[in-house]
Amino acid sequence: MKKNKFTNFFKLVGEKIVIAAKYLIKEYKVLKEKEGYKKFIASLLAIVLGLLIGIILIIINKPGNALNGIWRLLRGPLNNPFGFWSGIGQLLYRSTPLIFTGLAVAFAFKTGVFNIGASGQYMVGLFAAMVVGILGDSLGFMQWPVAVLCGALAGAVWGMIPGAFKAYFNVNVVITGIMFNYIGLFFINGMLDGPLKSKMVNQAQNRTIPIDQAGRTPYAFLDKIFPNSGADFGIILAIIAVIVIYFILNKTVFGRELKSVGYNHHAAKYAGVAEKKAIILSMTISGLLAGMGGALFILAPSIFNLGNTYNVESVVLPAGFDGIPIALLGNSNPIGVFFSALFISYIKQSDLALQSIGISSEMVNMIVAIILYFSAFSLIVSQYVSKFLKKRKEGKELSIIEEEAPKEGVL
Amino acid sequence: MEKNIIEMRNITKAFPGIIANDNITFELRKGEIHALLGENGAGKSTLMSILFGMYTADSGQIYKNGEPISILSPNDANDHGIGMVHQHFKLVEVFSVLDNIILGVEKTKNGIISRKEIEKELLELCEKYELQVDPNAIIENISVGMQQRTEILKMLYRENEILIFDEPTAVLTPQEIDQLMITMKNLAAEGKSIIFITHKLDEIVSVCDRVTVLRRGKLIKTLNVSETNKEELSYYMVGRDVDFTVQKKESVIGDNVLMLKDINYVDDFTKKHVLKDISFKVNRGEIVCLAGIDGNGQTELGYVISGLLKPTSGEIYLNYVDVTKKSIRYRNDNGMSHIPEDRHRYGLILEESLSNNLSLKKYHLAPYQKHGLINQKEIDVLGEKLIKDFDIRSGRRTKSLAGHMSGGNQQKAIIAREIDKDSDFILAIQTVRGLDVGAVEFAHKKMIEERDKGKGILMISLDLDEVFSVSDRVLVIYEGEIVKDILTKDVTVNELGLYMAGVKKDKIPEVKFDSRELKIVKERSGVYEKK
Chain A
1 MKKNKFTNFF KLVGEKIVIA AKYLIKEYKV LKEKEGYKKF IASLLAIVLG LLIGIILIII
61 NKPGNALNGI WRLLRGPLNN PFGFWSGIGQ LLYRSTPLIF TGLAVAFAFK TGVFNIGASG
121 QYMVGLFAAM VVGILGDSLG FMQWPVAVLC GALAGAVWGM IPGAFKAYFN VNVVITGIMF
181 NYIGLFFING MLDGPLKSKM VNQAQNRTIP IDQAGRTPYA FLDKIFPNSG ADFGIILAII
241 AVIVIYFILN KTVFGRELKS VGYNHHAAKY AGVAEKKAII LSMTISGLLA GMGGALFILA
301 PSIFNLGNTY NVESVVLPAG FDGIPIALLG NSNPIGVFFS ALFISYIKQS DLALQSIGIS
361 SEMVNMIVAI ILYFSAFSLI VSQYVSKFLK KRKEGKELSI IEEEAPKEGV L
Chain B
412 MEKNIIEMRN ITKAFPGIIA NDNITFELRK GEIHALLGEN GAGKSTLMSI LFGMYTADSG
472 QIYKNGEPIS ILSPNDANDH GIGMVHQHFK LVEVFSVLDN IILGVEKTKN GIISRKEIEK
532 ELLELCEKYE LQVDPNAIIE NISVGMQQRT EILKMLYREN EILIFDEPTA VLTPQEIDQL
592 MITMKNLAAE GKSIIFITHK LDEIVSVCDR VTVLRRGKLI KTLNVSETNK EELSYYMVGR
652 DVDFTVQKKE SVIGDNVLML KDINYVDDFT KKHVLKDISF KVNRGEIVCL AGIDGNGQTE
712 LGYVISGLLK PTSGEIYLNY VDVTKKSIRY RNDNGMSHIP EDRHRYGLIL EESLSNNLSL
772 KKYHLAPYQK HGLINQKEID VLGEKLIKDF DIRSGRRTKS LAGHMSGGNQ QKAIIAREID
832 KDSDFILAIQ TVRGLDVGAV EFAHKKMIEE RDKGKGILMI SLDLDEVFSV SDRVLVIYEG
892 EIVKDILTKD VTVNELGLYM AGVKKDKIPE VKFDSRELKI VKERSGVYEK K
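Each protein sequence line maps, in turn, to chains A and B.
Numbering of the first sequence is given in this note's numbering, commencing with residue 1 and proceeding in unit increments.
Numbering of the second sequence is given in this note's numbering, commencing with residue 412 and proceeding in unit increments.
One thing to keep in mind: the hints can contain errors.
[Unchecked claim] Quick list of in silico lysine-lysine cross-link-like pairs, DSS-like style, CA-CA up to 30 Å: (1) Lys-832/B - Lys-276/A; (2) Lys-857/B - Lys-832/B; (3) Lys-857/B - Lys-692/B; (4) Lys-788/B - Lys-38/A; (5) Lys-277/A - Lys-781/B; (6) Lys-632/B - Lys-611/B; (7) Lys-930/B - Lys-692/B; (8) Lys-22/A - Lys-251/A; (9) Lys-277/A - Lys-832/B; (10) Lys-277/A - Lys-788/B; (11) Lys-900/B - Lys-660/B; (12) Lys-672/B - Lys-930/B; (13) Lys-251/A - Lys-796/B; (14) Lys-501/B - Lys-441/B; (15) Lys-276/A - Lys-781/B; (16) Lys-251/A - Lys-832/B; (17) Lys-276/A - Lys-773/B.
[What the hints assert, rightly or not] Listed next, with one range per pair, are the computed distances between beta-carbon atoms: (18) Gln-498/B - Phe-114/A: 31 to 37 Å; (19) Arg-569/B - Ile-183/A: 54 to 60 Å; (20) Lys-796/B - Tyr-168/A: 39 to 45 Å.
Please keep in mind that the hints were generated in silico from the structure rather than gathered at the bench.
Even glycine gets a Cβ: it sits at the ideal position worked out from N, Cα and C.
Could you build all of it, start to finish, from the sequences and the hints given here?
This is the structure in C-alpha cells:
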C-alpha cells in the first residue's frame, strides 16, 4: 500500500516534469523566432569574445600571473575581502546609477533620439538632490524623498530642453545634448563657487560637505543581507524603474506611440501620433531617469562612498556616457539594460584585485571597451547568428510564403 | 528559325523562405520584343536582376549566342551588351542629357571631353531611331517621357544589343506610350532584342512577338503573341479566369464629404508654387479620380488633404467641418481613410508585426486600449479578421513583421486597414501599385463596394486603365492646377491625355457650398466633435 503511494507520487511528479519540459521546449521554439532572442545571443557572443580577447591580453601582459589574473577578473566583485554577500552588495550599489543612465539612453533610443546629454542630466539631478540633501534640514524625514524627486525633476527639465529644440526648431539633439552637458557642469560649478560656496563646500578639500543623515537614502534592510557594502534603497528604485519603463514601452498606448516614432517617424505622423510631443516627452522621461540616477548616487548612505561629496573642479561625469554602451549592449531593452549594467559593473569591480597583483586597472577598461565594440557590431553579429540558425534548418522551411520585399516594387 | 541571342537555362535562385526562380529557362531571339509577364512575386524582377548582374543565380547558366557567359555585376552585363531602363530612372537630375548619357564612358581627346563630336553622334542616333531629345537640356527640366528616351539613348550609345524595359509605360501619358511602342518596334527592326516587363496585357498584344509567363517562381509557358489573347494570358498569369470589366451600378450621389477651396501650396524651401487654387468636391457615393502625369502636384495634394502638409492658403472641409488646422489624428478619427503613396515611408512600420500595423490607426481607441493600456488580444483578433477577409499572405500570420512581407501583401494590408476603418471619405493614392491582376480586381471591387455603401472616394492615380475602370468622375491635374472636371463616361482616353499633357485646359466652375450646406457647416463648427 505504502509502496503504491510512492510509485504513484513519482509517476505524478514525472508527468509534471514531462509537461513542464514540453512547455519549455515550446516556449523556446517561439522564443527562437523572435528578433530579441537573436539580439540576446549576439550580445552574449560579444561578451564572450570580449572576455576571450581580454584573457589573451592578460596573458601577454603578465604571463607569470596570468591564471591568477584571469581568476580575479572573472570573480569581479567576489574578490571583496568581506566575502561573497558584501561583494554582491557592492555590485548592486555600483550598478544603480548605471542602470538609470542606461535606461535613460535606451528609452530615448526607442523613440529614435540619441540622448548623449544623459551626463548633463545626471549631473543636474545630482546637484539638485545634493542641494536638498544638504540644505533641506527643515524637511525632516521627507528630506531624502524630496531630494530624489528634485533630482529627477531637474534631470527631466535638462532633457526636455534639447527635446523641445529638436521638436520645434529641428536642432540636432546630439549637438544640444553635448552643449547641455557643459552648461550643466559650469552651472553647477558656478553655483558652488558662488552663492552656495559658504553653505555647501568644504573649502580645504574643494569638495562639497557630506549629505545630511536624513537626506541619505535608507538602507532598507539591505545592509543586513549585504553587510559591509553600499547596497541601499537605490537598487530597489532601479528595479522598479526597469519594470515601469518596460511596462510603458510594451503595454501602453503611450509607449507604442513613442516606439512607432522611433521605428518610422513618417508612418507615426501618418498614423496620427503627435511627433513633436512624443520627442519632447521621450527626452523628458529620459532626463528624469538620468537625473534620478545622479540623485541616488549622491544620496547613497554607503560608508564606502566617495560619491556623497562632489568635487567642484570635476569634468563632465562619465556616468551618463556609460549609459550609451550599456543601452547598446542591452539592445535598448529595459531588462537587457538592467543585466548589462550589472555585467559592466561586475567586470569593472575586479580592478582593485587586479591592481594588487600588478595588472593595471586600465586592463579592465580595455576589456569593457572591447566588449562594447563587439556589441556595437551586434547587428552584424546577429545577422551572422540568424544565418547560422537558418543554415541548420535549411531545406525544411522553404515553403513559407514570406519573401523579400521587392526593392523597387518591380513585380 | 531565328537565333537565340540570350538563353538563360535552368535558372534557380532562392531567398530565405522562398524560391524566387525555380528552374526557369528563358530564351530571347535576336530582333524580337519578348514580354515577361507575371503576378507580384512571380520572379520577373529576380530573373532580370540575374541577367543584369545584380544577383547571381544559385544554379543555372546564361548563354549569349550559344556561348556560356558569367555576369557578376551590371558592368559585366554592359560588357555583354545588356542594358536596362529601370522603372525609376537612374539619371543625375542636375546634369544635362548628354552628360548623363556619357557618364562612365566619356570619350576624351587629350583628357578633354569632346562634347561636339559626342553631340553629333547622339543626334545621329536620335534621328536613326526617331527619338526626340535635346542633348543639352537639364534632366530635371524635361518631361518624364524625354527622361525615358534619355535612358534609351544611354543604352544605344553604349551599343547594347539586348535592352530590358522594366515597366516603362507606368509613368507615361497615352500619347507618350504610343510613341514608346513605335520606338520599341524601330529598335527591334534595327536588330536590337528587347525584353519588356509589364503588367498591361494590351501593350503585350499590340507590340510583342512572344511572351513568357511566370507564376510563383515557376515558368508557366512561352507563347507566340499572335496565337494567344488577353484572356488566355491572364489565365496563365493568375491561374484562374480574371474578370476585366469592373461591374458597377449607377452611382447615387449623396452629401458632400470633402471639399477643397482655393488650396495653394508653396514649397518653403524651393519657393515653387506646387498647388494653385485647387478647389473641388467629393460627394458620398462617387469615386473621383485625380488623373495626371507624375510630378504635377499629386503628391503634395495628397499630403495636404491627409494633413501631412499644411497648405499655404485655402480651406479643407471634411463632412462639413473645416479641418484645415486640425491634426492628422483628428482627421483619422473623424472619417478620413488614407492609402498613402509610399507604403514603406508612410503606410507601414516595417519593424512592427502585421497585427500592429493593421491596428495602426485604431490602437488608441477602445476596445484596443483600456485606460491607456494596449489590449493586444483585441489587436490580434482584428489582425486575424483582416488577414482572412483580405487574403493577406504572411509567413507567421499576425506575428509576421511587415518588413518581411512581399510588396503586394504589404499593399493589401494597408488597403485592409483603411477600408476596415469604415470612414466616410477614403483618399486612395496609387492604390494598386505593385498589385497583380487578381489583387487589382479585388481592390477595385472593394472600392466600388465602399462607394455603394455611400462613402466618398478620391483616388489619385497615374494609371489611366484604373481611372477608366473604376471612377465616376475625373479631375485632371497639370502643373498644380485642376484643368478638367468631367464625368468619366463623357471622355475618351485620348482627350484626357491632351489635358494631362497640358495641351488643353478648361475653366473650372467655382466650387462652393449652397445655403443648406452652409447651415450644416455653421452647425458643426464648434459642436461637432467625435462621431
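Would you check the hint for Lys-276/A and Lys-781/B, treating anything up to 30 Å between C-alpha atoms as holding?
holds (24 Å)
Pairwise hint evaluation, Lys-788/B against Lys-277/A, where the allowed Cα distance is 30 Å at most
Since the Cα atoms of Lys-277/A and Lys-788/B sit roughly 28 Å apart, the hinted pair holds (cutoff 30 Å).
Does the Cβ distance between Arg-569/B and Ile-183/A fall inside 54 to 60 Å?
holds (58 Å)
Regarding the pair Lys-857/B and Lys-692/B, is the alpha-carbon distance no greater than 30 Å?
Holds - the C-alpha atoms of Lys-692/B and Lys-857/B are around 22 Å apart, at most 30 Å.
Is the straight-line distance between the alpha-carbon of Lys-900/B and that of Lys-660/B 30 Å or less?
Since the Cα atoms of Lys-900/B and Lys-660/B sit roughly 13 Å apart, the hinted pair holds (cutoff 30 Å).
Holds or violated: are the alpha carbons of Lys-251/A and Lys-796/B at most 30 Å from each other?
holds (22 Å)
Check whether the Cα positions of Lys-501/B and Lys-441/B lie no farther apart than 30 Å.
Answer holds: Lys-501/B to Lys-441/B is near 26 Å, not above 30 Å.
Just to be careful, I want the Cα atoms of Lys-277/A and Lys-832/B compared with a cutoff of 30 Å; is the pair within it?
holds (25 Å)
Hey, Lys-672/B versus Lys-930/B, does the alpha-carbon distance stay inside 30 Å?
holds (17 Å)
For the pair supplied as a hint, Lys-22/A and Lys-251/A, is the alpha-carbon distance within the 30 Å limit?
holds (28 Å)
Going straight from one Cα to the other, do Lys-251/A and Lys-832/B come out at no more than 30 Å?
The given pair, whose Cα atoms are some 23 Å apart, holds under the 30 Å limit.
Pair hint Lys-930/B and Lys-692/B, alpha-carbon separation not exceeding 30 Å
holds (17 Å)
Checked against the numbered hints above, the structure violates none of them.
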